[in-house]
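First to last, the protein sequences are chains B and L.
Just so it is clear: in the first sequence, position 231 is 231 by my numbering, and no numbers are missing.
Just so it is clear: in the second sequence, position 330 is 613 by my numbering, and no numbers are missing.
Fair warning: there could be bad hints in the mix.
With a straight-line Cα cutoff of 27 Å, these simulated DSS-like cross-link-like pairs (lysine-lysine) come out [said to hold, decoys possible]:
#, chain 1, residue 1, chain 2, residue 2
1, B, K7, L, K330
2, L, K535, L, K494
3, L, K494, B, K222
4, L, K494, B, K11
5, L, K373, B, K47
6, L, K494, B, K47
FYI, nobody ran anything at the bench for these hints, they're computed from the structure.
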Amino acid sequence: MVEIKLKLKKKPELPLEADIITPDNFVGKSVADIKKLELYYGKEVVKLGDFFDISGKSTDINDTKIIIDGDLSNVKRIGENMSGGEITINGNVGMHVGSQMKGGKVTVNGNADDWAGAMLQGGELEINGDAGHYVGAAYRGFWQGMKNGTIKVKGKVGNETLAWVNGSKPGKRFPKLICGSAGAFLGIHSHGGIIIVEGDCDRCAGADQIRGAIVVKGKVTKILPSYKKIGEVGEIELPNGEKLTGKFIEYSGDHSVDKNHSKIDKKTGEISKSSNGRLYIAA
Amino acid sequence: MVERKIKTVYDVVCPFCGTLCDDLEVDIDIKEDSVIEVRNGCQIGTKKFFSSNPSGHRYLKPRIKANGEHKEVSWDEALDAAADILVKAKRPLLYGFSSTECEAQSKGVELAEILGAILDNTASVCHGPSLLAIQDVGAPLSTLGEYKNRADLVIFWGSNPVHAHPRHLGRYSEFVRGYFRKDGRNDRFIIVVDPRNTHTAQIADLYIQVKPNEDYELINAIRATLRGVELDAKEVSGVSIEKIRELVEMLKLCNFGVIFFGMGLTQTLAHHRNIDAAICLTRELNDHTKFLLEPMRGHYNVTGANQVFTWNTGYAYSIDFSRGYPRYNPGEFSSVDLLIKDEVDSSLIVASDPASNFPAAAVKNLFKHPLISIEPHETPTSAFADVVLPAAFAGIECEGTAYRMDKVPLRLRKVKEAPGECLSDKDILEKLIEKVKEKLGE
């Protein structure tokens with residue numbers, strides 16, 4: 001793998017919108033060309049070389065690895081829309097890291113701000129710290145959020161993580177999130193997301209969930225009243241075929257949604273045994 | 284006794300709250316050009332008319348801060364200083380706009396576009412969450428006349444109109460006689476859902492006390508019960524399941540229901556998700572009967588600000604022009620978040636007082652950078668402003684258009700002249716745009 005190294009000279013006072021930093025934009029360019037790439041600092045157009053020391057080279061997109069050092073907590077949109085290659089960020093990073101990316105991998109060795117991996121289309125986002133709110137969520141007004149790919153967060157994620165996540169079994173799209181602990185409204189309006197929480201989870205997990213599975217290995221502050229308890233299970237089969245073992249209490253829902261696939265049979269009153277719309281909480 | 288010459292202006296639209304009452308009568312002393320009597324208005328609306336009278340805290344001339352003190356200057360000098368601040372800024376913020384008329388708001392959009400600024404209105408600290416929810420799941424809304432003539436079940440959820448919109452009850456929702464509700468109050472069943480036993484709750488037929496910040500769970504339980512699901516829980520958010528079932532029956536059996544919701548839903552925990560759930564509930568209730576909902580907007584023209592911004596840029600609030608085209612993301616481009624993160628380097632506040640309403644951390648950063656205030660009288664914001672541009676009261680001292688909470692536009696009237704050198708917000712922004720263009724060499 002060919003490496004390009006970026007080092008932030010000084011933490012910018014105003015947010016720097018660095019959606020230009022992707023392997024797609026760097027490929028086939030010399031260091032001098034990369035330094036000339038334009039980005040927005042407030043309303044001013046500046047050059048990448050004004051803010052970063054750059055070294056290395058790039059040839060093929062899938063063979064490109066960008067390593068960024070420094071406190072990037074005021075640098076937004078790194079890796080937005082990228083389709084291949086790798087980005088490693090050593091430090092905290094600002095909003096929208098890896099948002100709408102289609103392929104490749106982004107690793108953050110620090111904390112990420114809000115909207116990390118928002119509307120992910122594919123690829124992998126790994127955050128070895130905490131993440132802000134709206135991880136993998138749909139942008140305002142969009143009805144289809146994260147469609148594919150994986151997000152791993154070692155620490156906690158904020159509120160409304162994976163809102164409007166949109167997976168599909170026939171389409172073989174299984175958007176997945178693994179996180180340490182989660183805030184409120186985890187997987188709200190989920191249409192087939194797979195969410196695994198290693199620790200605890202705040203209120204209203206799986207609100208308005210239509211399809212998908214949420215597994216919480218710790219405690220949940222409060223379960224929504226519209227979730228119905230099914231019973232205890234020893235093994236879980238996730239929508240993508242993966243299996244998890246351990247003692248879990250299975251709930252179905254969200255039964256307040258009209259379109260819910262885990263329907264209640266009007267004649268027998270039983271809850272449909274389909275694998276959709278499930279919440280598992282450690283017993 | 285000194286003889287007074289009085290002029291009465293009829294059918295005045297009240298520029299205070301979103302109810303925008305249009306039947307006020309205002310008596311003006313012609314000689315002194317001051318308001319001496321307001322009829323038909325509520326307490327808060329009437330007070331606004333009186334506050335336009337000459338007083339010690341009305342600004343009569345533009346001011347610039349020099350050596351920590353305000354000094355009166357000419358319009359030219361003040362506009363020049365203001366334009367200087369805005370042109371030099373890398374990330375200016377334009378905030379306010381909800382208590383002025385639509386023509387001034389559209390000038391604000393123009394200025395923001397020229398400057399590449401961030402444009403926001405007070406919806407971002409009040410009914411912004413309602414707009415977010417509407418963008419997510421749509422909204423079944425109507426005009427207030429429909430509710431007045433048809434509604435037989437009225438729910439006030441997290442709103443207290445007795446104090447916030449005093450004439451709403453008498454004009455549209457509770458006591459008024461409608462075409463199909465000939466007996467007024469007796470023809471309507473009023474439900475109030477609120478953590479506090481408010482004065483609105485005390486005149487309701489049914490009061491449901493919900494635990495603070497747990498509205499989402501209650502709406503969720505109502506929705507599930509409406510679908511015929513037997514809930515596992517015995518009690519949700521402090522309300523028993525029996526009571527929820529009773530409520531659902533009531534909702535299903537009414538002829539025409541409406542939910543009026545206020546800041547009790549939008550600004551408690553879960554914010555826009557409360558509205559999201561309330562909208563979904565309303566939508567599902569339409570399988571059984573006719574049901575609508577309506578946000579109780581606060582400022583008289585905050586709806587207008589959302590409308591004007593939307594038809595100009597596509598977005599209702601929290602708009603960023605820094606890339607030359609409008610982008611929208613509340614939480615990233617909304618004023619409070621920007622100020623707390625210290626991401627703006629100058630601000631222009633139009634007809635608003637963020638210093639009294641924003642969190643302390645945000646206000647601290649607001650005062651750290653150059654600040655311009657377009658304001659009729661002294662407020663905590665204008666007192667710390669570097670440039671103060673004195674404005675006339677829209678709807679009292681100048682004409683304009685305002686949108687009622689149900690998005691009905693009404694023409695504001697001018698009842699008296701503005702004192703001193705005050706200009707309308709629209710004129711001030713127009714002159715400022717000219718100055719800014721001059722400085723940018725356009």
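Below or equal to 27 Å on CA atoms is what counts here, so check K535(L) against K494(L). Holds, at about 24 Å.
K373(L) and K47(B) were given as a pair; does the straight-line alpha-carbon distance stay at or below 27 Å? holds, 16 Å
K7(B) and K330(L): Cα distance at most 27 Å? Distance ~59 Å between K7(B) and K330(L) Cα, so the pair is violated.
Pair hint K494(L) and K47(B), alpha-carbon separation not exceeding 27 Å: violated, 53 Å
Agreement of K494(L) and K222(B) with the hint, judged by alpha carbon distance not exceeding 27 Å: Roughly 14 Å between the alpha carbons, so the hint for K494(L) and K222(B) holds.
With a cut-off of 27 Å on the C-alpha distance, tell me whether K494(L) and K11(B) pass. violated, 44 Å
When each numbered hint is compared with the structure, violations occur for hints 1, 4, 6.
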